[in-house]
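Peer 1: One letter stands for each residue in the lines below.
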Amino acid sequence: MRLRPSRLLNSVLCGALLSFTIAGVSHADAPGPTDYRSTITSVEIPEGSSLPEGVGISVEGHDAFMRVQVREGTTVDISGYEGEPYLRINAECAVFENQRAMSTWYNQERFGSDSDRSLVNHELPADWIQIGSSCAVAWHDHRLHYMSPSAPINAQPGDVLIIDSIPITIAGTLVTVHVESVLVEPPSLAVPIIAAVFALVISGLLLRARLASIATTVAAVLALVLGGAQYFWSAPETGPQLTVIVIPLLAAAAGGWAIWSRHTPGSITPIGTQLLGGVLLAVWVWQRAGVVSAALLPTSLPYSFDRAGTVAVAVVAVISVGHAAVALGRLMSTDPARPTLG
Amino acid sequence: MKRSVVATLLVAVVALGTVAGVSLFSREEPQFQAISDSAPADHEYVIPQGTGERIDAGEAISIIPAELEVHVGESIRIVNNDDRGHIVGVFFVGAGETMSQSFTSAGTLSGGCTIHPSGEFTLQVLN
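As you go down the protein sequences, you meet chains A and B in turn.
1 is the number of the first residue of the first sequence in our numbering; add one for each residue after it.
343 is the number of the first residue of the second sequence in our numbering; add one for each residue after it.
No lab work stands behind these hints: they were computed from the structure.
Just so you know, not all the hints are guaranteed correct.
[Claimed, not checked] Some chain A residues well away from chain B (every beta-carbon gap over 10 Å; in silico):
id : residue
1  : E92
2  : P125
3  : A126
4  : I129
5  : P152
6  : I162
7  : L174
8  : A209
9  : Y231
10 : E237
[Stated by the list, open to error] Selected chain B positions facing chain A (in silico; Cβ < 8 Å):
id : residue
11 : Y387
12 : G394
13 : R426
14 : F433
15 : V435
16 : G436
17 : M441
18 : G453
19 : G454
20 : H458
Heads up, the beta-carbon is just placed ideally off N, CA and C, and yes, glycines get one too.
Make the full structure from the sequences, and use the hints.
Peer 2: Rendered as structure tokens:
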């Protein structure tokens, strides 16, 4: 296959742009790395009342979401910050959101959203739209977490930053959920640094052996494992990002293609596919960069493994892109004697 | 085709790195420096004991203004006599603790606030 370098460049840039776009338009604010751990300290119900069977109230994403789950036949009403009707689960398990509630728009993102609030009107009747049908709902309740990615000045790990309560009406009973949020000790950077050095050494050995595309593919598979552990860790109602799986899957395919085509004489394909794989991995790392320094990660894997793996993928991504760029440069200066790429 | 393609790639990589770096490190936020709790402060606020319980009871607490305008070189002190910590914008003052900071550069910061009815506190530091 004869592919002109200019077309190759266009293809790679399009691939990168596409992956950035996918990463950008996916769920507004799925659970991510954080330095705060929020917990429910108690659930208060009026004396003489009791909750129906099957009610579950939990914090999801360490501090990101409050989640309520009930069984069919139990209704839930959640008011917004100004007492307006905000969320509702009916007896048939359908979940509704009031488009006229201020909280609907403010809660779109973990740190509060500045999105257009022209629809907000608490004077008019609620404008309900259905957003689910699973008898469960999760929302960014800002009484649950500290509203800045930077810890407050003067706060120390272990400090209780937030003490608050969230009212929820379940089957007509007003339930008060008491919550608190604690600043967590930051992680050591030793593991990521060791992982970076290790990845650098292994990648260097593979480069010398003209096997760079293997490094790209292995890193993509590692990213796929880490992405899968992140995606399936989150409750479905919190909108986990599929891109943490799709992007490394595409990178693995590109890396595999680079391996498969690397012995084809005169082919530019291995350069292009390795470059694409590297760029995709870089996008994936960019999407998850916070895991290196945050205390709590959105994953079912050990945090150290996630941090080390992400740093290793970052190193391989940079090397893949750099190596492919150099090979491309050689190609252009020595054409038609095209170099082969490991 | 041309070396310009390589140059383009390199420029793209450098540009991406620059954008990432700028977005990470170029916040126009004021800087602070801790000062001694015994040093005089230009703005001092005291959170009385029982404030947390009053908040729990639904009372609107107003100890600090929703917006505070200060100048570089001035200082703020928040004395927390309550039995729980309080968030005041970007500051946290633990139970029974005193926080004293001076402003070393200009900027604006907003954040939650447990001791103002609006629940928010904006600090503007001017030169």
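Peer 1: Hints the structure violates: just list their numbers, smallest first.
Peer 2: 5, 6, 11 and 20
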